[in-house]
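Required output: the full structure, derived from the provided sequences and hints.
As given, the protein sequences belong to chains A, B, C and D, one line each in that order. Numbered per this note's numbering, the first sequence spans residues 1 to 523. Numbered per this note's numbering, the second sequence spans residues 1 to 631. Numbered per this note's numbering, the third sequence spans residues 1 to 280. Numbered per this note's numbering, the fourth sequence spans residues 1 to 99.
Be aware that one or more of the hints could be misleading.
The calculated lysine-lysine pairs, modelled on DSS-like cross-linking and capped at a C-alpha distance of 30 Å, are [to be verified]:
1. B:LYS162 / A:LYS391
2. A:LYS504 / A:LYS516
3. C:LYS36 / C:LYS100
4. B:LYS371 / B:LYS532
5. A:LYS462 / B:LYS162
6. A:LYS462 / A:LYS391
Chain D side only, calculated, beta carbon under 10 Å to chain B, not exhaustive [said to hold, decoys possible]:
7. THR19
8. ILE23
9. ILE78
These aren't lab readings, by the way, just hints derived from the structure by calculation. All values derive from a computational prediction rather than experimental measurement. Glycine is no exception: its CB is placed at the ideal position from the N, C-alpha and C atoms.
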Amino acid sequence: MSFPLLTATAVLPAVGAVATAAVPAARRTAAKWLALAVSLGTFALAVAILVRFDPGGARYQLTESHSWIAAFGVRYELGVDGIAVALIGLTALLVPFVMLAGWHDADPLETGSRRWRPTQGFFALILALEAMVIISFEATDVFLFYIFFEAMLIPLYFLIGGFGDRAHEHGEKAASTQRSYAAVKFLLYNLVGGLIMLAAVIGLYVVAGSFSLTEIAQARANGSLHMATGVERWLFLGFFFAFAVKAPLWPLHTWLPNAMQESTAPVAVLITAVVDKVGTFAMLRFCLQLFPEASKWATPVILVLALISIIYGALLAVGQRDIKRLIAYASISHFGFIIMGIFAMTSQGQSGATLYMVNHGLSTAVLMLIAGFLISRRGSRLIADYGGVQKVAPVLAGTFLIGGLATLSLPGLAPFVSEFLVLVGTFTRYPAVGVVATFGIVLAALYTLVLYQRTMTGPVRKEVSAMPDLRVRELVVVAPLIVLLVFLGVYPKPVTDIVNPAVKQTMSDVHKTDPKPEMEAAK
Amino acid sequence: MENLIALLIAAPLLGAAVLLVGGRRLDAVGHWIGTALAAASFVIGLVLFADLLGRSADQRTLTQHLFSWIPVAGFQADATFRLDQLSMTFVLLITGVGSLIHLYSVGYMEHDERRRRFFGYLNLFLAAMLLLVLADNYLLLYFGWEGVGLASYLLIGFWQHKPAAATAAKKAFLVNRVGDMGLAIAVMLMFATFGTFAFGPVFSHVGDASEGRLTAIALMLLLAACGKSAQVPLQSWLGDAMEGPTPVSALIHAATMVTAGVYLIVRSAAVFNGAPGAQLVVTVVGAVTLLFGAIVGCAKDDIKKALAGSTMSQIGYMVLAAGLGPIGYVFAIMHLVTHGFFKAGLFLGAGSVMHGMNDEVDMRKYGGLRKYMPVTFITFGLGYLAIIGFPGLSGFFSKDRIIEAAFAKGGTEGWILGGAALLGAAITAFYMTRVMLMTFFGEKRWQPDENGTEPHPHESPGVMTIPMIVLAVGSVFGGAFFSIGDRFLHWLEPVTGHSEGNSPLSAWTVTAATMVCLVIGVAAAWAQYGRKPVPVVAPRGSLLTRAARRDLLQDDFNHVVLVRGGEHLTRSLVYLDHTLVDGVVNGTAASVGGLSGRMRRLQNGFARSYAVSMFGGAALLVAATLLMRAV
Amino acid sequence: MSAQLAAYSTSTGEAFQFWVLGTVAVIGALCTVFMKRAVHSALCLAATMIVLAVFYLANGAYFLGIVQIVVYTGAIMMLFLFVVMLVGVTAADSLKETIKGQRWLALLCGLGFGVLLFAGIAHASLKDFNGIGRANANGNVEGLASLIFTRYVFAFELTGALLITAAVGAMVLTHRQRTERARTQRELSEQRVREGTHVPPLPAPGVYARHNAVDVAGLLPDGTPSELTVSKTLRERGQVRDVSAEALNDLKALEQRAEERLERTEIEPTAFKRPEEASK
Amino acid sequence: MNPVNYLYLAALLFTIGATGVLIRRNAIVVFMCIELMLNACNLALVAFSRMHGNLDGQIIAFFTMVVAAAEVVVGLAIIVSLFRSRHSASVDDASLMKL
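Shown next as structure tokens:
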């Protein structure tokens with residue numbers, strides 16, 4: 001039997017989390033380095049997956065399968081397709097940067113306390129989260145996926161509720177109240193979604209008699225498993241609701257701004273760039289594959305909701321006064337694009353949506369992490385408290401602008417490719433939807449440039465006049481991400497090559513083909 | 001030879017990367033690196049040009065395939081460049097004028113501590129602009145299209161510490177984005193119609209598509225062109241864009257970027273030819289803009305804004321010509337090129353004036369500068385003569401052909417369009433004469449500023465005057481060089497196609513009418529600004545003047561409808577998001593909380609109370625068991 | 001009554017015994033619930049248990065019957081009485097209800113539950129029954145023993161462990177460890193001086209000609225008894241004997257006798273009502 | 001007479017005991033009522049034993065007694081220590097478990 005690469009990729013950070021948590025209180029620097037080393041090791045394993053993965057090969061590769069709870073037919077089944085490989089790569093790539101960015105975020109305020117070990121906790125929780133996210137990307141057993149889909153709420157809850165911005169305009173007490181509000185809100189939203197999904201998971205087992213994604217999909221494909229239309233729709237809705245909460249789709253989005261606003265920038269990055277991607281990923285992998293007919297049935301409504309997300313998120317981003325909240329609403333807009341791409345049911349749309357997941361992870365990471373650096377310097381999240389930063393910290397402002405340009409999908413940066421694919425993919429099937437969604441790119445320019453203008457340009461405000469520029473550590477975090485953004489914007493082929501076969505499979509799952517161009521259709 | 005095409009772009013791109021990433025180390029030499037790379041691109045352009053000239057007319061299209069950019073099933077966007085006569089013309093214009101302006105900027109930006117970055121942005125612009133004109137498909141064109149938008153944004157807002165500059169930059173980007181949206185939709189429409197958006201296949205399959213589709217595509221392309229070329233209704237950003245350094249105004253907002261819309265229309269000639277309705281809209285947009293810009297140009301006291309109005313108006317001519325179809329394409333491009341020379345020259349002259357006048361832009365505070373800045377005066381004056389269409393100079397040839405073509409459109413439309421073009425020519429003569437008179441003639445009107453320092457007008461250094469001289473030469477001889485023997489027509493015809501319209505008026509009649517208009521315009525300006533001294537404080541002016549000073553109320557309209565309305569919309573949405581969407585959830589939570597608060601009272605802490613409920617529960621269980629039995 | 005007979009059927013004798021003793025058992029149970037004093041409740045419960053022991057015997061459970069009397073009534077109930085002596089007597093346990101609606105709810109639940117149980121039993125078809133005779137053929141104790149030490153041996157062992165644990169637990173619970181040193185008399189007196197209350201020792205109980213006990217309060221000069229003179233425990237239990245009236249009566253009687261002796265008038269002595277009869 | 005009557009009696013005693021638990025506040029009396037309920041159960045078990053003609057019911061009754069003994073020991077110890085700390089044996093006084 002070959003080396004269980006997928007298991008190793010998930011287990012390494014899990015073990016690392018335990019080890020990091022066990023580092024004695026006084027040696028917090030050692031804990032940080034340990035965690036960073038583990039995350040880099042995980043990245044190496046992810047690269048190994050990437051190398052071993054053969055885009056032209058079987059649908060699920062590097063599969064592992066072991067019996068787990070025999071009584072219910074629950075199996076420990078792992079396997080990755082191109083979409084999963086891309087997202088695992090993204091996750092493993094971002095975590096080391098996130099750690100570096102949050103290097104000092106969890107240092108205890110008063111030193112010398114022996115029992116208080118927030119640093120270890122912070123890094124251990126990040127690793128634990130990484131492990132859970134990776135295994136949910138790998139799982140091809142619905143039950144296994146469900147467990148980790150839910151379990152990742154636990155570390156995230158503590159990350160949101162336990163670690164906030166160091167300086168806060170309303171004082172520490174108010175900050176902690178708002179933090180716990182945000183954490184509880186996050187938890188409740190996602191738990192409700194998860195519980196509804198659990199019902200659907202059980203329902204699926206009752207109907208299909210198995211939790212195995214591959215088995216069910218196969219049985220559906222060859223007609224040996226017939227689902228009544230009503231049953232399929234209900235099950236689909238159960239799954240979709242959970243993913244829509246996590247993604248988040250309007251009107252289930254309100255937890256995200258709170259969570260991102262109150263958590264530290266690295267955690268906020270983990271939320272949008274990594275964890276929320278599990279939701280959109282699962283729509284592709286589970287909703288479409290298990291319930292193709294119901295997916296097609298629900299498409300009109302979902303497209304409308306996605307459209308509302310796009311426009312609504314962008315409009316609200318324009319109206320925000322808080323930098324992080326603004327980025328959160330921008331993300332809601334972008335998730336609208338992703339979901340739209342998935343449910344447009346064209347290969348451009350779905351490839352675009354998958355690329356979008358990766359690219360949005362990178363672009364939000366850049367923007368959010370730099371916003372975090374900015375906030376930690378000034379001690380305020382309010383846009384109005386800044387002005388003229390460009391003059392005192394040109395590199396910070398420049399990288400922030402690049403992050404912003406990526407967010408508004410400027411060609412040459414990675415998000416453009418995916419956004420355009422999504423738009424084209426949607427347009428060919430639903431022209432009106434595509435046209436309305438295009439307004440989103442104007443609004444994206446509006447909120448990004450307004451943010452940049454108010455914070456970075458204009459006369460230098462007194463409070464920011466002594467602001468230091470990006471430090472080496474911060475530059476090390478940002479620069480590779482920017483390079484990657486540019487590279488994937490100019491040459492996205494490496495990712496599309498991995499993604500395309502998987503998308504082709506998904507398209508055949510839902511029995512859809514791309515609409516023919518009008519010209520050929522006329523002939 | 002094809003492989004050189006990528007180098008055209010690579011040179012300035014390399015410059016941008018080196019200058020922007022290189023950091024302070026390059027401060028001392030950065031501007032020379034930038035200029036050298038721009039010049040290198042120009043040289044490569046010349047080499048390619050020579051190569052093209054060496055080929056027969058139908059062999060003059062070179063393509064270079066670099067790599068597959070976005071390969072997704074059925075959607076193939078390649079990084080492929082296409083060099084034909086049209087793009088060659090642009091390459092030479094962009095790199096030539098670009099190199100000159102780089103050189104000029106070395107002097108103009110000498111005292112700016114961020115000069116290195118300025119050159120980085122200029123190089124970035126060159127790269128993006130070259131990408132725009134060299135792209136072989138619409139998506140790559142879109143890449144360049146937004147790239148120049150970014151460069152324009154960065155350069156307009158170069159002096160970011162000035163809030164006006166930052167706002168103007170943002171405005172320019174946003175208005176351009178609206179246009180970009182049009183281009184994006186056009187690309188999607190092409191993909192949905194033809195299954196591709198590469199130039200070759202699209203143009204060859206135009207005949208297979210329905211006219212409705214073509215009209216939709218053409219109108220979306222027009223929207224894009226309106227945004228980039230500052231045509232009505234998306235023209236409002238150009239005036240504000242003058243907040244940027246003057247070389248930027250010369251390069252981007254006069255000579256090259258703003259003409260990208262014309263390029264787009266001419267490049268998509270095949271599509272427009274198939275959609276006569278859209279062509280009509282194009283001509284209307286062009287005609288309206290040429291008058292709009294001209295009127296605005298008459299009222300502005302800011303020398304750069306007056307020139308910006310002029311730019312708008314001249315591009316209006318080009319769009320008008322492009323909308324006329326095969327009879328106008330060539331002349332649109334020809335006017336574009338000559339305009340590139342003289343307008344860049346005019347802007348550089350304006351920059352030179354500002355340079356000598358402590359960055360004063362109000363023409364009412366100039367006056368009599370011809371004595372202090374002879375070189376600037378002469379070059380500016382030649383540019384002036386060129387733009388008003390003085391016989392023999394560039395503008396005369398190119399504008400005259402456009403007016404002719406407008407009449408040649410035929411029918412009522414032809415008369416209206418031709419009349420508008422003629423009227424525009426008169427107004428052009430008026431406002432340019434006004435600029436000339438207010439700046440270089442009359443008495444000196446400048447005064448010491450608040451700090452008591454009086455400006456000491458002086459001629460600019462050589463690095464600045466040399467480009468001005470070169471451009472002036474171009475302005476004088478360009479038109480004649482192109483027109484004599486119809487050189488330009490023959491050069492460009494294989495790409496755009498050409499047909500002679502049947503003008504109701506003979507060529508000489510049109511020329512004569514143009515001359516009459518010219519004289520009227522100049523005379524009117526002389527009557528108002530030459531004969532009597534110019535007041536330092538602007539008079540209140542007529543209703544039209546006041547409206548024109550405010551860009552014919554376009555900004556006020558935008559402010560009231562879009563900005564205010566948008567603010568209200570977002571604010572109410574933020575409120576609704578908090579109260580309604582969040583409120584529903586929080587309300588559910590609150591009601592559960594209230595219910596449990598009431599339930600909590602059952603937990604009174606008395607063991608006996610709990611025992612009662614337990615006992616009651618047991619009784620219920622017994623009852624349930626009995627009932628089940630009974631049933 | 002014969003055991004053999006009880007095994008197969010119910011004789012008239014048993015019926016008679018059931019109705020008589022059953023009534024006693026129910027009355028005992030009711031008294032357990034409704035007697036005001038815990039001691040009385042305990043005694044009533046003991047009575048009920050003894051009746052139940054008889055019923056066990058009547059049902060052929062000889063071993064259990066004996067155990068019921070010896071262990072339950074004899075040991076456990078005595079344990080109850082001890083604890084009652086320790087704590088229960090102090091609490092003036094009124095039957096007045098303090099929790100709103102508790103009594104009604106309790107009665108309702110009880111009634112409902114009882115009705116349901118009765119209905120359930122009536123519903124079950126229990127017309128015929130096997131006597132215990134065969135099971136008891138080798139003697140009841142032997143029968144039980146053979147079951148306990150075979151089939152139920154694990155449960156039996158477990159109950160043994162349980163008993164030991166319970167014994168240890170009881171000891172742990174009732175064992176009181178002094179957490180602080182007991183204060184000396186000197187410290188106590190110093191504290192009293194500091195607080196300014198009762199610097200001298202408390203007054204002694206009343207000493208009378210016919211009453212000389214610690215539960216008799218001393219009289220203040222105006223003839224009312226002083227609470228301070230008796231111990232706190234007695235006060236809490238309400239066992240202070242007020243002999244003031246008696247004393248006054250005696251005084252009256254003495255005066256009257258003196259009057260008679262002196263032959264002043266012939267007046268019937270007015271008897272004071274004694275507040276409480278002392279326990280004899 | 002039908003031995004079912006024993007069951008009726010047991011049910012009656014059980015109900016009385018349960019009601020007592022609910023009504024009385026003196027912990028000791030409450031405890032006695034619990035004992036009454038246990039005894040009622042034992043009576044029922046013994047009656048069952050007779051009806052079924054085997055000794056299992058008696059065995060269970062026997063175990064009940066043992067467990068009851070253990071329970072009484074611990075329970076009374078709790079009452080004593082409760083009384084010591086609170087100077088009261090009322091169950092209503094031990095109501096600190098509410099918010």
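Taking the earlier hints as the rules, which of them does this structure contradict? Structure breaks hint 9 only.
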